Amino acid sequence: MEKTILKTENLTKSFGGLKAVDNVTLTVKENSITGLIGPNGSGKTTLFNTISGVYKPERGKIYFNGERIDGLAPYKIYEKGLARTFQTPRLFQKLTVLDNMMVSCRSHPGDKILNVFLKKRRWSEEEEKLAEKALEILEIIELDRFKDKPASELSGGQMKLLELGRVLMTEPKMLLLDEPAAGVNPTLARRIFEKITQLRDELSLTFFTIEHRIEILLEHADWVYVMHNGSIIAESPPEEVVKNKVVVDVYLGEA
Amino acid sequence: MREVRLSEPLIYVLDMAVFVGIFAILAVSLNLEYGFTGLANFGKVAFFMVGAYTSSILANMGFPYLACITVATFAAGFVGFVASLPALKLQADYLAIVTLAFGEILRFIFKNEEWIAGGVQGITVPSAITITGVPIQTMMLIQLTIVYAALAICYFIAQRVVNSPYGRTIRAIREDELAAQVLGKDVFKYKAQMFTLGSAMAGVSGSLFSQYVRFIDPYTFEPILTFTVWMMVILGGPANNLGVILGAVFVQALERGARIAKDYLLLPVDPHNLRVMIIGILIILILMYRPQGLFRESKVKTPALEVASKWKKRS
Amino acid sequence: MLFLVVVNWLQVLFNSAVTGSLYLLAAVGLTLTYGLTRFPNFAHAEFMALGAYAGYTIAEQLKLGFPYSFIAAFISSAALGAASYLLVFRPLTHRGATIIHLMVASIGLDFFVRHLIKQVWGGEQLSFRMVWPYFDVGPVRITGLWVALILSAIVMVGVMHIVLTRTRLGKAIRASANNPDLAMASGVDVEKIALVVWIVGAALAGVGGLFRAADTRLVPLIGWEILLPAFAVVILGGIGSFYGALIAAYVIGLAENFGVVFLVMFKLSTDYKFAIAFLILILTLILKPSGFGRLFGEGGKVV
Numbered sequence: 001m002e003k004t005i006l007k008t009e010n011l012t013k014s015f016g017g018l019k020a021v022d023n024v025t026l027t028v029k030e031n032s033i034t035g036l037i038g039p040n041g042s043g044k045t046t047l048f049n050t051i052s053g054v055y056k057p058e059r060g061k062i063y064f065n066g067e068r069i070d071g072l073a074p075y076k077i078y079e080k081g082l083a084r085t086f087q088t089p090r091l092f093q094k095l096t097v098l099d100n101m102m103v104s105c106r107s108h109p110g111d112k113i114l115n116v117f118l119k120k121r122r123w124s125e126e127e128e129k130l131a132e133k134a135l136e137i138l139e140i141i142e143l144d145r146f147k148d149k150p151a152s153e154l155s156g157g158q159m160k161l162l163e164l165g166r167v168l169m170t171e172p173k174m175l176l177l178d179e180p181a182a183g184v185n186p187t188l189a190r191r192i193f194e195k196i197t198q199l200r201d202e203l204s205l206t207f208f209t210i211e212h213r214i215e216i217l218l219e220h221a222d223w224v225y226v227m228h229n230g231s232i233i234a235e236s237p238p239e240e241v242v243k244n245k246v247v248v249d250v251y252l253g254e255a
Numbered sequence: 001m002r003e004v005r006l007s008e009p010l011i012y013v014l015d016m017a018v019f020v021g022i023f024a025i026l027a028v029s030l031n032l033e034y035g036f037t038g039l040a041n042f043g044k045v046a047f048f049m050v051g052a053y054t055s056s057i058l059a060n061m062g063f064p065y066l067a068c069i070t071v072a073t074f075a076a077g078f079v080g081f082v083a084s085l086p087a088l089k090l091q092a093d094y095l096a097i098v099t100l101a102f103g104e105i106l107r108f109i110f111k112n113e114e115w116i117a118g119g120v121q122g123i124t125v126p127s128a129i130t131i132t133g134v135p136i137q138t139m140m141l142i143q144l145t146i147v148y149a150a151l152a153i154c155y156f157i158a159q160r161v162v163n164s165p166y167g168r169t170i171r172a173i174r175e176d177e178l179a180a181q182v183l184g185k186d187v188f189k190y191k192a193q194m195f196t197l198g199s200a201m202a203g204v205s206g207s208l209f210s211q212y213v214r215f216i217d218p219y220t221f222e223p224i225l226t227f228t229v230w231m232m233v234i235l236g237g238p239a240n241n242l243g244v245i246l247g248a249v250f251v252q253a254l255e256r257g258a259r260i261a262k263d264y265l266l267l268p269v270d271p272h273n274l275r276v277m278i279i280g281i282l283i284i285l286i287l288m289y290r291p292q293g294l295f296r297e298s299k300v301k302t303p304a305l306e307v308a309s310k311w312k313k314r315s
Numbered sequence: 001m002l003f004l005v006v007v008n009w010l011q012v013l014f015n016s017a018v019t020g021s022l023y024l025l026a027a028v029g030l031t032l033t034y035g036l037t038r039f040p041n042f043a044h045a046e047f048m049a050l051g052a053y054a055g056y057t058i059a060e061q062l063k064l065g066f067p068y069s070f071i072a073a074f075i076s077s078a079a080l081g082a083a084s085y086l087l088v089f090r091p092l093t094h095r096g097a098t099i100i101h102l103m104v105a106s107i108g109l110d111f112f113v114r115h116l117i118k119q120v121w122g123g124e125q126l127s128f129r130m131v132w133p134y135f136d137v138g139p140v141r142i143t144g145l146w147v148a149l150i151l152s153a154i155v156m157v158g159v160m161h162i163v164l165t166r167t168r169l170g171k172a173i174r175a176s177a178n179n180p181d182l183a184m185a186s187g188v189d190v191e192k193i194a195l196v197v198w199i200v201g202a203a204l205a206g207v208g209g210l211f212r213a214a215d216t217r218l219v220p221l222i223g224w225e226i227l228l229p230a231f232a233v234v235i236l237g238g239i240g241s242f243y244g245a246l247i248a249a250y251v252i253g254l255a256e257n258f259g260v261v262f263l264v265m266f267k268l269s270t271d272y273k274f275a276i277a278f279l280i281l282i283l284t285l286i287l288k289p290s291g292f293g294r295l296f297g298e299g300g301k302v303v
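Residue numbers (this note's numbering), protein chains in the order written: chain A, 1 to 255; chain B, 1 to 315; chain C, 1 to 303.
Pulled out of the complex, with its shape left as it was, chain A reads as follows:
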């Protein structure tokens, strides 16, 4: 847990004069679960959007595995092994649960137009293997019985899970999760975080997670960043966050 996998330096992104992300410098250690908390509108999702390439940063650098990734297109960043989920799940509604999983396969030979015609046998074999893998992941997240259903028919919590499953298909090195436990009941929320911890240990993944359910996050995180008005105002091990006066002020100030 020593090596740094993600690093941002003086990252800034603003909208019409308002600095949504203001000079953010942070590091995420490999194989950790790093939390990002902060009141609504503090810039957490904008930070994720900037790291994942949805927005281009105005200023600052982003390193992933020692490589500069700022300014790259989202799909390029993904190719480097940095995947993400959304606050409101963005599933492919009309596609089946299985197809949602299969879409995110990395470098599938059948995902190239010429191979579709010329290398049918090769991609068909690969397709079978990947389908097995997809079903195994679906089993882990307990969605395998819905495999033939369109994604639009899932419940909110199931959608969250499917989005998590979808990014796991890609064998990422690191995942940015935007509120993985939002909108699900507390029991399921706990289970989602247990799964995240389990995945971290079994697949040696790194997680960088926004979460509003601070109590659950603090149980599982190794390190926590606190964001307010676009800036990182505190960072510490989880057990110390609640004692931090600045953090408490920010949250009480909001309430």
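FYI, nobody ran anything at the bench for these hints, they're computed from the structure. From a predicted model like this one, the values you see are computed outputs, not experimental measurements. Yeah, the Cβ is synthetic: ideal placement off N, Cα and C, and Gly gets one too. The reader is advised that the hints may include incorrect statements.
Here are some chain B residues the structure puts well away from chain A; computed CB gaps all over 10 Å [claimed, not checked]:
| id | residue |
| --- | --- |
| 1 | E8 |
| 2 | F63 |
| 3 | P64 |
| 4 | L66 |
| 5 | E114 |
| 6 | G119 |
| 7 | P126 |
| 8 | T138 |
| 9 | L144 |
| 10 | Y166 |
| 11 | T169 |
| 12 | L183 |
| 13 | L225 |
| 14 | D263 |
| 15 | L285 |
Here are the computed lysine-lysine pairs in the DSS-like style, where the Cα-Cα straight-line distance is at most 27 Å [what the hints assert, rightly or not]:
| id | chain 1 | residue 1 | chain 2 | residue 2 |
| --- | --- | --- | --- | --- |
| 16 | A | K61 | A | K173 |
| 17 | A | K3 | A | K80 |
| 18 | A | K129 | A | K76 |
| 19 | A | K195 | A | K149 |
| 20 | A | K195 | A | K3 |
| 21 | B | K89 | A | K76 |
| 22 | A | K80 | B | K262 |
| 23 | A | K195 | A | K7 |
| 24 | A | K149 | B | K301 |
| 25 | B | K189 | A | K120 |
| 26 | B | K299 | A | K94 |
| 27 | B | K111 | C | K267 |
| 28 | A | K133 | B | K301 |
| 29 | A | K94 | A | K133 |
| 30 | B | K111 | A | K149 |
Quick partial rundown of chain A residues pointing at chain B, CB under 10 Å, derived from the structure [unchecked claim]:
| id | residue |
| --- | --- |
| 31 | R84 |
| 32 | D111 |
| 33 | V167 |
Chains B and C: place on chain A using the hints.
Relative to the frame of chain A, chains B and C by itself:
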């Protein structure tokens, strides 16, 4: 378009069958773009036009059918590719405006530049197949065979594309572009490829059309043609290749029906106006009452489906 | 290949004001409905055409004079705008139509109305026989019709400006065109606002169509021909932005009239002048999709 008298039922049926085939190719091509990839191509007629003019000019220079149709296909595909580069970066509504305007501008160029293909006068197209001394019915049967062979090939290509991991990706792009992007898809590349393939197919159709009607002018390629094809796709069922082909049959039957009805019922309406008014109203009615079309979206048929069905038995 | 043409630049400048006023009338409704109902309404072309034909009937067939045909154009297009929104687009939106569905439906409506017009008035070219007084100001030839057109545009801009800035209705329109969800959340009846805008926008388009017809000729395609420059105005001005459209209309008017001079110099068909609008449209979309909209803190689309 060629006048066909109703007194010759066989010719009439063959004529309609040829038109169904030509339009079915357009419907399949628009289905790849809109039905599967979600691209609002409002300028389908532009690529049909490029195919038709290219083929006609070549036929006038004495090239054989196969050369005409091949070059027309590549020409339309190329124009589609070039047009897609700026256009596909745009959102759906902008894309619609730009493609529609592109078709109109292309038509204006063919209209104003007489040196290309006769301007408003149009050009007659010599048959690229020369068989002397056969009756018109036989010629039509030959045409029909060629058209349906081309349709079969286009259908095969489209089915192969959509029932593959690639086909899954384009549907994902249609559903949520941003999500597809963060899952590693170079969305623009897929769109450009589908737009190019769709345009090339429209070129095939245009070439077949010009060889069949044997005369084309800029008035043949008005925007209504694009939306006749849209109606076929929306009515048949977007993202269902068989559905849109049946949509083509249905819309052609309807258009012919309007003409026949006019002749028999002595309606005090101009048949062309009636036809277009019916198309306009039907488009709205379908979108209002059956926007998913007659046939449902087809599944992505790959070996993954088999694996999944066995999985059920295991657990 | 340059041909020396004696150009009356002041006349070109004046003509640009005429063209700009026409495009402004044509585009105001288009941009506001686009902002409010969030799709480009291709049937807007027929709002212009119907106004022109209704005006023609009053002025030429009933010989009632231009002021009456102006009113007829206004009312008939307003009615068509209301019917379009209430019978087609509002029900479609309620049924969850996608933006592509709405656009296709608007094309369907366009075809229907255009061929209905063709059925009623015939497809042949008609022209207004009305004679307009003209006079020269220095080297510039001015006709009464052009003065009426420019005055109509100015009055429209004045009234719209007062309504948009001084009245509750206007503020609701601007808020809704900017961000319909936010407006709805703050208690604005967006559908009622939309209906008003559809009616007024269509009526203005009808007036624009009438001026175009009186100035040139009347064919069923009259609206369709102005639709592309109208879209160019909408995009350049920023979708949903009234003030953006105001500037954009005259910019495109200038570009077209000066462009025509160059087309003539290069011996190209002046038919290509509508490619100028297309060029502006494409360049705006590629370089600055929000157009002028952001200048006024309105319009432009939220990504």
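Hints, one by one, checked against the model:
1. E8: 42 Å, holds
2. F63: Fine: 27 Å to the nearest Cβ keeps F63/B off the interface.
3. P64: About 26 Å separates P64/B from the closest Cβ of chain A, which puts it past 10 Å; holds.
4. L66: Per Cβ check, L66/B is outside 10 Å of chain A; nearest 21 Å; holds.
5. E114: Given a closest Cβ separation of 39 Å, the condition holds.
6. G119: 38 Å, holds
7. P126: 34 Å, holds
8. T138: Holds, because the least Cβ-Cβ distance between T138/B and chain A comes to about 35 Å, which exceeds 10 Å.
9. L144: Nearest chain A Cβ is 27 Å from L144/B, so the label holds.
10. Y166: Nearest chain A Cβ is 5 Å from Y166/B, so the label is violated.
11. T169: Since the minimum Cβ distance to chain A is about 6 Å, T169/B lies within 10 Å and the statement is violated.
12. L183: 4 Å, violated
13. L225: At roughly 27 Å from the nearest Cβ of chain A, L225/B sits farther out than 10 Å, so the non-interface label holds.
14. D263: 43 Å, holds
15. L285: 23 Å, holds
16. K61/A x K173/A: Distance ~20 Å between K61/A and K173/A Cα, so the pair holds.
17. K3/A x K80/A: 17 Å, holds
18. K129/A x K76/A: Holds - the C-alpha atoms of K76/A and K129/A are around 25 Å apart, at most 27 Å.
19. K195/A x K149/A: Given pair K195/A, K149/A holds - Cα atoms ~23 Å apart, limit 27 Å.
20. K195/A x K3/A: 23 Å, holds
21. K89/B x K76/A: 17 Å, holds
22. K80/A x K262/B: Distance ~64 Å between K80/A and K262/B Cα, so the pair is violated.
23. K195/A x K7/A: Within the cut-off at roughly 25 Å; holds.
24. K149/A x K301/B: The given pair, whose Cα atoms are some 15 Å apart, holds under the 27 Å limit.
25. K189/B x K120/A: Holds - the C-alpha atoms of K120/A and K189/B are around 21 Å apart, at most 27 Å.
26. K299/B x K94/A: Roughly 10 Å separates the two Cα atoms, so the pair holds.
27. K111/B x K267/C: 16 Å, holds
28. K133/A x K301/B: 18 Å, holds
29. K94/A x K133/A: Distance ~22 Å between K94/A and K133/A Cα, so the pair holds.
30. K111/B x K149/A: 52 Å, violated
31. R84: Holds, about 6 Å.
32. D111: 5 Å, holds
33. V167: 8 Å, holds
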